Each structure stands twice: as C-alpha cells, then as structure tokens.
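Once you've looked at the hints, dock chain B against the given chain A.
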Amino acid sequence: MVIFIALLASALRLATPLIFSALGGIFSERSGVVNIALEGIMINGAFFAILVTHFTGSPWLGVFAAMFIGALTALLLAVLAIHLRGDQVVAGVAINLFATSITAFLLEMVWHRSGQTDSVPVSLTGNPFTFLEKIPVLGNLFSGLTPFVYLSFVAVAVTYFVIYKTPFGLRIRAVGEHPRAADTVGINVYTVRYICVMISGVLGGLSGASLSLGTVSLFREGMTSGKGFIAIAAMIFGKWHPVGALLASLFFGFAEAVQIQAASLGISNIPSELLQTLPYVATVLVLAGFIGRAVAPKAGGVPYQKGHR
Amino acid sequence: MQSQKESKIKVAIDSIKFPLLAIVFAFIIGAFFIIWTGNNPIMAYGELFSGSIGNISRFGETLLKATPLIFTGLAVGFGYRCGLFNIGVEGQYIFGTIFAVSGGWVFRDMPGFILPGILLVLGAIGGAIWAFIPGILKAKRGVNEVIISIMLNYTALYIANYIVRSVLNPSILLGGDKKAYSVMIPDQGRLTALTEFIPSFGYSSVNTGIVIAIIMALIIWFILFKTTLGYEVRSVGFNPYASEYGGISIAKNITLAMVISGALAGLAGAVTVIGLTFKVDMASGMPGYGFDGIAVALVGKNHPIGILASALLFGILKNGERKMQIAGIPKEVVGIIQSIIIIFIAAEAIGSYLPDIKKKFSKKSKEEVQV
Chain A
354 MVIFIALLAS
364 ALRLATPLIF
374 SALGGIFSER
384 SGVVNIALEG
394 IMINGAFFAI
404 LVTHFTGSPW
414 LGVFAAMFIG
424 ALTALLLAVL
434 AIHLRGDQVV
444 AGVAINLFAT
454 SITAFLLEMV
464 WHRSGQTDSV
474 PVSLTGNPFT
484 FLEKIPVLGN
494 LFSGLTPFVY
504 LSFVAVAVTY
514 FVIYKTPFGL
524 RIRAVGEHPR
534 AADTVGINVY
544 TVRYICVMIS
554 GVLGGLSGAS
564 LSLGTVSLFR
574 EGMTSGKGFI
584 AIAAMIFGKW
594 HPVGALLASL
604 FFGFAEAVQI
614 QAASLGISNI
624 PSELLQTLPY
634 VATVLVLAGF
644 IGRAVAPKAG
654 GVPYQKGHR
Chain B
7 MQSQKESKIK
17 VAIDSIKFPL
27 LAIVFAFIIG
37 AFFIIWTGNN
47 PIMAYGELFS
57 GSIGNISRFG
67 ETLLKATPLI
77 FTGLAVGFGY
87 RCGLFNIGVE
97 GQYIFGTIFA
107 VSGGWVFRDM
117 PGFILPGILL
127 VLGAIGGAIW
137 AFIPGILKAK
147 RGVNEVIISI
157 MLNYTALYIA
167 NYIVRSVLNP
177 SILLGGDKKA
187 YSVMIPDQGR
197 LTALTEFIPS
207 FGYSSVNTGI
217 VIAIIMALII
227 WFILFKTTLG
237 YEVRSVGFNP
247 YASEYGGISI
257 AKNITLAMVI
267 SGALAGLAGA
277 VTVIGLTFKV
287 DMASGMPGYG
297 FDGIAVALVG
307 KNHPIGILAS
317 ALLFGILKNG
327 ERKMQIAGIP
337 KEVVGIIQSI
347 IIIFIAAEAI
357 GSYLPDIKKK
367 FSKKSKEEVQ
377 V
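Those sequence lines, one after another, are chains A and B.
Counting in our numbering, the first sequence runs from 354 upward without gaps.
Counting in our numbering, the second sequence runs from 7 upward without gaps.
Bear in mind the hints are in silico, worked out from the structure with no lab data behind them.
Keep in mind that the hints are not guaranteed to be accurate.
Here's a subset of chain A near chain B, in silico, CB distances under 7 Å, partners left out [to be verified]:
no.	residue
1	454
2	569
3	571
4	575
5	631
6	633
7	643
Distance condition first, Cα-Cα at most 16 Å in a straight line; then the derived EDC-like pairs of lysine to aspartate or glutamate [as the list claims (entries may be wrong)]:
no.	chain 1	residue 1	chain 2	residue 2
8	B	337	A	530
9	B	185	B	287
10	B	146	B	250
11	B	337	A	461
12	B	307	B	115
13	A	592	A	536
Values in this document were obtained by computation on a predicted structure and should not be read as measured data.
Note that the Cβ used here is the ideal one computed from N, Cα and C, for glycine as well.
In isolation and in its complexed conformation, chain A is listed as follows:
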C-alpha cells in the first residue's frame, strides 16, 4: 500500500508538466495552429523560472517569469505562423533549437559553466496544504504533491470551461475548424489565433516551471528530454479534449513512474526502454485509427489568409 501511494504521488508529479503543456497544445491546435514549439517553450519556462528565482529569491516570481517568457516564445511562433504564414512545423523546429541554444548560452553567461545551474534555495517542491497530510493513509499521497499538481487540475477545469462553456471558446473552435466561415460571421481569425497561441505559451511556460522549480529546483540542459512531445502525444491521445488530455497525461505519468520504480516494484523483467516507448506507440496507434480514432481540428497547420479563396 505504501509503495502504491508513493507510486501514485510520483505519477501525479510526473504527469503535471504533461498536463500543462497538453492543455497549451489544445488551445493552440483548437484554434488551428500546430504547436511543435511546446518543447522549446517548456525549456525556456524551466530556465527562466530558475533564473528569476535565483535573482529575486521568490519562486512565485519565477513561475510568473516562466509564464511570461512562455508567452513571449509563443508570440514568436504566432508571428511566424499567423502573420507571416510560415510553415508552422518549421517554425516550431526553429523555436525548439533556439530555446535549447539560448538557455545554454544564458546558463553559461550567468553561472559561468555549462550543464546545469546551481539549485535555488527556495523552490516549490513541497506540499502547500500541509493539513491534508493528517488524513490517514492518503496523507502520504498529499505529502508528495507540489503546488503545481493542484494548479494543473485547476487548469484542466478552467480550460474545459473556457473552450466549451464560453463564447470565446466557441470562437476558438470555429476558427480551428473553418476559419473562413468564422471570418464571415465577424470573428477576427488572427486575434483569436494570437490569443490562443499566447495562452498556449503561458501554459507551456508553467509546465517548464513545474519541471524545474517543482521537481529538482535547478535547470539542467536537456531536462525536458522530449516531454513537450509527450505532451503533444497526450493531447492527441486525449482527442484534443482537456479531460481526455488529463487522463492521457496521468496514464503516461503513471507509465513513467512504473518505469522509474520498476526495481522496487519487483517487475524488472519488463525492459524499461520498452515502457518508455509506451506514450509514443500508443499515440501512433490512436492516430492511425487502430484504437479509436483521433481527428485533428480541420484547419490545423493551415495559415489563414484573408480574402483568398
């Protein structure tokens, strides 16, 4: 039981960055912009969260900085993809490369070495609601949770509400499915897409912060190790729906937790590498339509040009 609780807490912690980024991906893709840049946005978020915490001593300021930088990085994608009508995938690849290089560059400028930063003295790795730890049995679960875990669940609820229960959400979905029709009824396609990509950046930055401030309280080069792409996988696996993405992220987080703790669980006969491939293989199967069928928003990846047929 103790092992299982620890496993569950670890799964929740590992799923948290995935949930944030997957929600970011949902906002962006629902409005018709493919966001391969999530990985880069996460890297920037993770780094700037640590950088700002390092200089100000306040982790929450670090979190805000991560969100701000995430939005800024996403703005670059938005300008390239929406205004300049560039290839969204190429722009995403470029931003990922840019984020990797710029953070490594700044790391060397500030800490005068490469590899990883110093750990910041105050971080957000502890449970914010200590009174929950007094609950028998489940207390152990809550003691392993970080503020980001709670935040991610709030973010899922908010995303669901915004996309399905507000007029703005209806506009997002219209723009992502049929931008021309949306334009005809007076929705500004460009504005909606800009806002959505920026929101996606805010969530991606938050995801990065949850990775650096929420787990090891330092930034390491390559620490995202493809988590941005797993988040995209979770988004697809969850069929572009916030709750689906939450469940997919939890599933992938659980798989990773099992893989990390395989030895203590006594299941060392499953090669850990094959467990690592699980999110990716599952996504390929879903996309190919072997398990259910995931259908992307129709206008995804296509730049919108007013007045062209």
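Frame of chain A; chain B shown alone:
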C-alpha cells in the same frame, strides 16, 4: 538558347537570394550575442572560420561533420519535393545505425571489399523500414506524417537503447562487463580515411563517406529531375489532385518518397557508424542530425546541389564552434545562429511582402511621373 541559359541563371540567383540573406542576418544577430559576451565578433568569426577551413586537416574535419548532414539534408529535401515533411529523419538515422552495427556483427567474417557495401545497404534498409510506417499511414489512412514521425523518433531512440543494452552489448556477445555501447564494426567493414590517399588531411578522420555523400547527391539530383519517378514525386508534391487526375498515384508516390527519404536517413546513420564511431552508444537524447537536416534542406532549397552547399556551411559552423569556444566564446552562439537561419527561412513570407512594398513604391513613382 542563350536567353534560356540566362533565365536559368536568374532563377538560380533568385532562389539562393533568400537563404543567403537569412545567413547574413543570422550572423549579424549572432554578432550581438558575441558582443554581449564581451568579445569582438570579427575575432570570433575569424576563429570560427580558421577553425573549420584554416588548413587542410581542419577542412577535413569540416567535411567529416558535413557528411551525415548531406544525407539527412537530402532525406528531408526529397520528402519535401513530394510535399512530405519528414521530421522523422532522426529516428530513421537511429535505425540506420542499429542495422549497420548488427550487420557488422552478423557478417563479421565477410571480406573487406564487400562488407562496407553490405553495411551501407543494411543501414538504408533500416531507415527505409522506419520511414515506411508514416509513409503508408499517410498514403492509406491520410494520417499527418509529422506527428507520427515525431513519435517514432522517440520510439526508435528507446528501442535502440534496448538493443544496445541487451542484444548487441559486448558483454552479451563477447562476454565481460556491461558496456554503454554496442559491439564494434570489424576492421574490414570500416570506411577508409582520406588521409591514406591524401596525407595532407593529417589527423582528420574524414573518410570515403564524404565521397559517397556527394555521389548520392548527384544520384538524387538525377532521380528527381531526369527520371519518371522523380517527375511523379515532384508532381504529387506540387499538386496532388492534378497529379491523380493525370494518372499519377498519390498513395504510391507518397509511400515511395518517404521510403527513399528514410533510406537516405538510414545511410547517414550507416556512414557515421562505419566511418567514424564504429559502434552505437546508448543515448539519452536525439543525435540531432535529423533536425540539422531540416535546416540544411531549407537553406539548400531542397535542391541536391543546394543541399551540398548548405551542408558544407553547417559543417563549417559545427566544426568551427570548438575553436571559438577555446577563444572564450560560448559555443551556443553557433546554435543560436543556426536557429535564427531557420526562423528567417520559416518566415519566407517576409520575402513575399517585399515585392508588394516595391510595387507600391514603383506605382507611386509612376503616378508621380504621370502627374
């Protein structure tokens, strides 16, 4: 005849104008980052270029760095010609390395005049198999190849790690301690270093792989522009529906283009394994040649000859960064320059804005003349 030639030259100049502009801009922005580090950009770029083309052995190292980039650039470029974005070159490269190193073990008793050839073919097959999956899914089920290939990249990475750890590990095949890398390619299966023919390459480990790469670029040029296959591939990339109407199968050409692209990516892996590393290491992240290949193809405008030139440029950047770092400038500046080049090229529509502005201006001046 004369005018036709001239117009061809004009087309060529028009198409390299934008990549050149992007490169110049990226170097200018890179200069600001160098100034930020407190160094002189002219000195830094001097170090960069002297480190990569300063003498023949350094140039040899640059060619060595360019070798896999030519293959991966060709892979991305060939896909692009058919309207496919093969972001999966990374995974296909990994499969190429695994196939080559497995072949090296299985055929370890083969003589030296045939073994390298077999290993190259095996590498190409490995890459082709891995590319066939997104190709056939796109052709038969209309699934976007980008997302599938990204997922397959990481799948390939972990499968390769598993194979290196528990199938091809020296501890399993030869006995002894567990290693973080695979068994070695036998001596007779390796490519020859160019130093053996041209001693002035000195310490550089540049090998016959670069020759194979250049020949492959010419072959791809021939396939694309001189054969029916190439015509059909380009036609599908240009306008799939018109092609289908004209009797060219979209599904067949998409699958075929993806498989050829994957074979080129697998060749990149095989050439690296039998020319340089002679083994496959366990890796925690992507080797990066695939993403570099995207940059190479974009700068080279998806034309095999352009890809040769841009692979050389990226080879220069990759090789020169070391000497720049010795001079005290963080090598990440090179990564920043590379990514800014791609950002500019992704924003190619900037270029299409320019003529509009020009037109406006010229219209105005004409009106003024009329007035």
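Interface hint for residue 575 (chain A), Cβ within 7 Å of any Cβ on chain B: Holds, because the Cβ-Cβ distance from residue 575 (chain A) to chain B comes to roughly 6 Å (cut-off 7 Å).
Distance restraint between residue 592 (chain A) and residue 536 (chain A), which requires alpha-carbon spacing of 16 Å or less: 25 Å, violated
Residue 337 (chain B) paired with residue 461 (chain A) [C-alpha distance capped at 16 Å]: 10 Å, holds
Given hint residue 287 (chain B) paired with residue 185 (chain B) - CA-CA distance at most 16 Å: Holds. Residue 185 (chain B) to residue 287 (chain B) sits at ~9 Å (cutoff 16 Å).
Proposed proximity, residue 115 (chain B) with residue 307 (chain B) (alpha carbon, max 16 Å): 43 Å, violated
Agreement of residue 337 (chain B) and residue 530 (chain A) with the hint, judged by alpha carbon distance not exceeding 16 Å: Status violated; Cα separation ~43 Å.
Status of the hint placing residue 631 (chain A) at chain B (closest C-beta pair under 7 Å): Nearest chain B Cβ about 9 Å off; hint violated.
Interface hint compliance - residue 571 (chain A) to chain B, C-beta minimum distance less than 7 Å: The hint is violated - residue 571 (chain A) has no Cβ within 7 Å of chain B, the shortest such distance being about 17 Å.
Interface hint status, residue 454 (chain A) versus chain B (Cβ within 7 Å): 3 Å, holds
Restraint outcome when residue 569 (chain A) is required to lie within 7 Å of chain B by C-beta distance: Result: violated, 16 Å to nearest chain B Cβ.
Interface hint outcome for residue 633 (chain A) [beta carbon to chain B under 7 Å]: 4 Å, holds
Satisfaction of the residue 643 (chain A) interface hint, Cβ to chain B closer than 7 Å: 10 Å, violated
In terms of the numbered hints stated before, the structure departs from hints 2, 3, 5, 7, 8, 12 and 13, listed from lowest to highest.
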